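S.K.: End of the sequence shown = 335 in my numbering, gap-free, step of one.
Possibly wrong hints are sitting among the right ones.
[Stated by the list, open to error] 16 Å max Cα-Cα, derived EDC-like pairs, lysine to aspartate or glutamate:
1. Lys-320 / Glu-245
2. Lys-259 / Glu-205
3. Lys-320 / Asp-147
4. Lys-320 / Glu-205
5. Lys-198 / Glu-241
6. Lys-125 / Glu-205
It is worth saying that the hints were derived from the structure and are not from the lab. From a predicted model like this one, the values you see are computed outputs, not experimental measurements.
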Amino acid sequence: MRSASEKKIANRALQAINRLYCRVYHQLDVLSPCTLPCEGPAILVCNHTSGLDPLLIQSVCPRMIIWMMAAEYYNLRGIKWVYETIEAIPVARSGRDMAATRAAMRALRDGRILGIFPEGRIETSRELLPFQSGVALIAEKSQAAVYPVFLDGTQRNLPMIPALGSPQRACIAFGPPIPPDSRPESLEEKTAAVQAGVEGLKIFTDSCHHPLKSAND
């Protein structure tokens, strides 16, 4: 088992490699700058286009993002050590995963950035799937601001391993934070507000100079 200092060194090395890989190989175009705070907890939410999404987003964010990800990918043999190094949180898709929710809350209490794809799966078009309410629940309990992001231009529906070797020419837009709100809104209304924040960023990516493609095209 690696020590804390060894994990920190490995993490820094991975982040440096990822920045070079995403900005040069995938020519990621940043349409509006990263708006995440320099310190303190925050929740980043983004539409889900391919298995490459976490790498693309992290490459332009100075602070490390703690990603919530499907347990079946987290446990893949040979690369699990990468997810452990970046402190990703595995989530069981079979139902409400309270262990994952508790881990997410701990990360926010520790002042970390939590990354979530609220659609719950990869979508092959630009239209957003209905957001799951978990992100609004975590935001409500933690009182952390939510930062919307929209990602476009990837070859959609590619799993992580094939996506790694396929140049994407993606573009990304960051929006202003949605602050914690003490008004008595329902969880459904809070979820809708988060989805609207992400949806509103699509206009930035309309100017992307490359066509959207699906892995099935």
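S.K.: Against this structure, judge whether each hint is valid.
M.R.: Against the structure, the hints come out as follows:
1. A C-alpha spacing of about 10 Å is found between Lys-320 and Glu-245, which places the hinted pair at or below 16 Å, so the restraint holds.
2. With a C-alpha separation of about 21 Å, the suggested pair Lys-259 and Glu-205 falls outside the 16 Å cut-off, and the hint is violated.
3. For the given pair, Lys-320 sits about 14 Å from Asp-147 by alpha-carbon distance, which is consistent with the 16 Å threshold.
4. A threshold of 16 Å between alpha carbons decides the hint, and for Lys-320 with Glu-205 the separation of about 30 Å lies outside it, so the pair is violated.
5. The straight-line distance between the Cα atoms of Lys-198 and Glu-241 is roughly 24 Å, outside the 16 Å bound, and the hint therefore fails.
6. Restraint check for Lys-125 and Glu-205: the C-alpha separation of about 10 Å stays at or below 16 Å, so the hint holds.
Violated hints for the displayed structure, listed by number in ascending order: 2, 4, 5.
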